[in-house]
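Chemist: Go ahead and model the full structure; you've got the sequences and the hints to work with.
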Amino acid sequence: MIAAQLPALQVVVPLLGAPLCLLARKGNTAWALTLAISAVALLIATLLLGQVLEQGSVAYAFGGWAAPWGIEYRLDAVNAIVLLIVTGISTVVLLFAKTSVAHEIRPEQQVLFYTSWLLCLTGLLGITITGDAFNLFVFLEISSLSSYVLISLGSDRRALTAAYQYLIMGTIGATFILIGIGLLYMVTGTLNMADLAGRLPELTASRTVRTAFAFLTVGIGLKLALFPLHLWLPNAYAYAPSVVTAFLAATATKVAIYMLLRFMFSVFGAGFSFGAMPLPTLLVLLGAAAVLSASTVAIFQHNIKRMLAYSSVAQIGYMVLGMSLASSAGLTAAVLHLFNHALMKGGLFLALGCIAWRLGSVRLGDLAGLGYRMPWTMAAFVAGGLSLIGLPLTAGFISKWYLVLAALEQGWWPVVIVVVAGSLLAVVYIWRVIETAYFRDRGEPAPPVQEAPLSMLLPTWLLVGANVYFGIYTDLSVGVAGQAARVLLGTAP
Amino acid sequence: MSAAGLYNYWIVILLMMAGFYVVISSGNLVKKIVGLNLFQASVFILYISMGKVAGGSAPILREGVTQFSNPLPHVLILTAIVVGVATTALGLALVVRIREAYGTAEEDEIHQQDESL
Amino acid sequence: MRDNPVLRVVTKITLPLIFLFALYVQFHGDFGPGGGFQAGVIFAAGFILYGLVFGTEALRAAVPAAVLRLGIALGLMLYAGVGVVTLGLGGEYLAYGTLAHTAAHGQHLGIFLVELGVGVTVAAVMVAVFLAFAGRADP
Amino acid sequence: MLIEAINIVLLGMLAVTALAAIRLHDLFAVVMLFGIYSLLAAVVFVVLDAVDVAFTEAAVGVGISTVLMLATIGLAGRHEKRPAHRPLLPLLVVVVTGAALVYGTLDMPHFGDPNAPVHQHVVPRYLQRSADEIGIPNVVTNILASYRGYDTLGELTVIFTAGVGVLALLGLRRRRRERPGPGQSPP
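Residue numbers (this note's numbering), protein chains in the order written: chain R, 1 to 493; chain L, 1 to 117; chain B, 1 to 139; chain Z, 1 to 187.
Read the hints as simulated data drawn from the structure, not as lab findings.
Ideal Cβ positions, reconstructed from N, Cα and C, are used throughout, including at glycine.
A couple of the hints might just be wrong.
If you only want the chain B side, here are some residues facing chain R, beta carbon under 8 Å, derived [unchecked claim]:
(1) R69
(2) A80
(3) G83
(4) L87
Modeler: This is the structure:
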C-alpha cells in the first residue's frame, strides 16, 4: 500500500522535515534530523527507480483529483535517475557537512542553514518529479529562494552580493518561465505536461507557442547557467559555504538540465523543438562556446572554487552538445554526463571543503606542498580531476566517449574537436593545481601530515570512488541513461 | 477587430517591459527589486486578462448567474503573488546586509570595493 | 509616536477590530473573497501596528522569538500534516474526502484546516520579517 | 464594451506610473509609485472579475512590499546615483523581448473571447461540478485549497522559506555591529 504513495512521500518527507528542523535547538540536532530525512528520501528514490524500471512509468494524483484537473506527479526513467542523483548527493554531502558547517557557519545560524537545506532538497525533488507545469514553477521558487539563503551564508561578504545577483537573475528566469507557461496555458487550456504534449502537435504553427518556447528556453537557460547566461554562477559557487557549493554544483544545474530536456522533448516534442525551431544550431553553438570559453577562463582563476565553477559552466556545455544532437546516442551521452558530472563535481568540491577546513583558504598560492600535508585529500582531488579531464577508467571518460560516438554517428566532426579541446583545457587547469600541491617548493622543510578528519574524508572518497566504479562498471548508468533517452524520444516500449 | 482584441495585451507587454527595463538598467539594488515587482505585477495582469470572459462575472457561484470568468488564472496568480512577495522580502534583506557590509547600495561602488582587494 | 496618548488609545481600540476582521477573512473565504493568506496578512498588520505605536521592544516582549518560530513551523506542519492524515486514512495526499463520513464534509474540514495552517504561518512570517527589519535600524 | 474602455484607461494610467518610476531617482518616490501601481493593478483585477486576486494584490503590493521597501531605503539610503551614460544594452534586450511577446500575441485568442481554449478544456469542470464535489460557492477557494491544493502547500513553503531566509540574514534580535572589511574565510 505504501508503495503506491511513494511519489508523494518523496517530496513530502523533506517538506515536512523543514519545519521540524526549524524547531531544533542545536545545530547538531538539526544536522542529524536533516541527514536522516535525506537518507529516507534516498531510500524512496531508490525504490521509485525500481518501480520505474519495472513498470515503465508511475503516476500519482494529488488529492485524488485526476489530471488535468488536479496536480499529478509522473515518473519515468528520466526523472527517476535525477531523483536518485539529488537525494544521493544530498545524503553524502550531509555526512560531510557536520564538521565543515560547524567550522564555517555561525552557531545561531546552523539550524536555519539545515532548514534551508531541506527546503532546497524539497524544491529540487518537486521540480524533478512533477507532471504539472505550474507546480514546477512553485517548486522551482522553493529551491531558488532556499539556495539564495544557503549561498548568502558564506563567510565572505561577497557571498551576499553573489546571492543578490543570483536572486535577480533567478527571478528574471522564473518570471520568463511563468510567461512561457502562461502562453502555453492560453492556447491549450491545460497545465498538465502530458496533456500539453497531447495538444501541442496541432498548434505547431501558432506564433504564441513559438514565443512560449523561446521564453521557456531563455528562462531555463538562466537557471541552468547556459552560456552566455552563466554570469551569476562563478561568484555564487565561489563564495557559498563549501558544502553548499558541493550540493548545488552536483544537483541544481542537473535539475535545470532535466527541465530543459523535459520541456524540449516531452512537452514540445523533438519534432517541434528540433524541426520547426532553430534550436539544434543554437544549442550546438552555445554548447561549444560554453566548453571552450569557460574552460579557458578557468585556467586563469586563482581561487580554485571559482576555477571549478567555470569548469561547471563548461560541463553544462557538454550536456547541451549531447542534447543538441537530438539522437538516441546524443541524449544517452547527455544524461550519462549529467549523472557522472554530479559525481565528479561533488567529489572535487568536497575535497576543496577539506582544504578550506584545514587552510581557511582555497587560493591556488596557498596550496604549495599540500600534496604531502594532506595526502588523502589531494589524492581525492587528483582522482576527481582525472575524471573531469576524462581519462579512461573514470566516469568522465565514459560520458565523453559516448558523446564523441554520438557526434561521429551524425558526422559532426566539429563537436568531436570541441570535446577534445575542452578536455585538453581541463588538463591545463587541473595540472596547475597538481603542480602547486606536489611540485612547488615552499622553501621550508616538509610539513607534518595534517589530514582532514575521517568524517570528511570518507564522504569525499565515496564520491571519488563512485567516479572510478562508474568508469569501470557502466551497466547501470549507461542502461538507465539509454532508457531515459528512449523515453525522451518517445521510442520507449 | 483584430487589433482591438489584442490591444489590451500590447499595453500589458509595455508594462512588463518597463519593469524588466528597470531591473536590468538600474544600478541601485533597491530599485532593481522595485523593477522586479513591476515586472511580475504586469505578468499577473497578463494572466488575469486571459481569464476574462466578456459579460462574465466573478467566479463565486450564486443564483441567477451563469457566465463566469475563468477562476484558474486567479488561483495561479494568487500563488504567484505570494511567491513574489517572498522573493522581495528575501531580496531586500540581502540589500540591507550588503549595505551594512559595503556602506553602499550602488552596484558599481560595490564592484570597485571588491576589485581593490 | 510612542508618547502620543491619542495614538495609543486609538490603537488599543482598533486592535481588537483588526483581529476580528482577520478572523472574519480567515473563515469567510468560502463565500466571498478571502482566505488564510489574506487573513494572515491582516493579523500581522495588527501586530505591526502595535509595534509601531508601542515600540518594537514591546512587540518583542509580546511575541517572543521562540513563539514566532513555533508559529512559522506549526502552520506549515498543519497543512502538510493534513495530507499525511489523509494518507493514513487510505486516500491520496491531501484527499480531504477521507477526513469525514461524507466526501463533502471531508472537503470542508480539510479546506478549513489547511487555510488555518496558511493563516498561522503567514502571520508569523510577516511579524518576524517586520521585527527582523526593525531590529536593523540604528538605535 | 464599457469594461474594455475602463480597462484601457486603467492600463494607460499604469503605463504612466511605470514610466515615471523609470525616470525618477528619488527612491522614496519610486517606491510610492510602486504602491500606486499595485493599487491600480488591484483595480484592474476587480474590473476583470478577479476579486480574490485584487484583495491579495492590495494587501501585498500596497501593504507588505511597499512597507518593506520603505524600511529598506530607510536603512540603505533613498537616493539612486544617476547613471553616467544611458545604458544601451538593456534597452536592446527589452526591445527584443517585447517584440517577441508582441509576435506571440498575433495568434492569441482575443481579449474576453468566451470561446478561447482557456475556457474550454479544464475549467468547465471546476465551474459546473465543484458545487457537488466540494460544495463551497467561491470556486477560487475550491481550486486553491482542493483541486490544486498541493500548489498552495508549495506556496506556503515558499513563504516559510522566505521567513527562514530573513531570519538567517537579519536575525530577530537587535543588530550587532558587522565585522567591517572584506573578511576572507574565517581562520
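Chemist: Indicate, hint by hint, whether the structure satisfies it.
Modeler: A quick look at each hint next to the structure:
1. R69: At about 6 Å, which falls below the 8 Å cut-off, the nearest Cβ of chain R leaves the hint on R69(B) intact, so it holds.
2. A80: This hint holds: A80(B) lies near chain R, its Cβ roughly 5 Å from the closest one there, short of 8 Å.
3. G83: holds, 6 Å
4. L87: holds, 6 Å
In terms of the numbered hints stated before, the structure departs from none.
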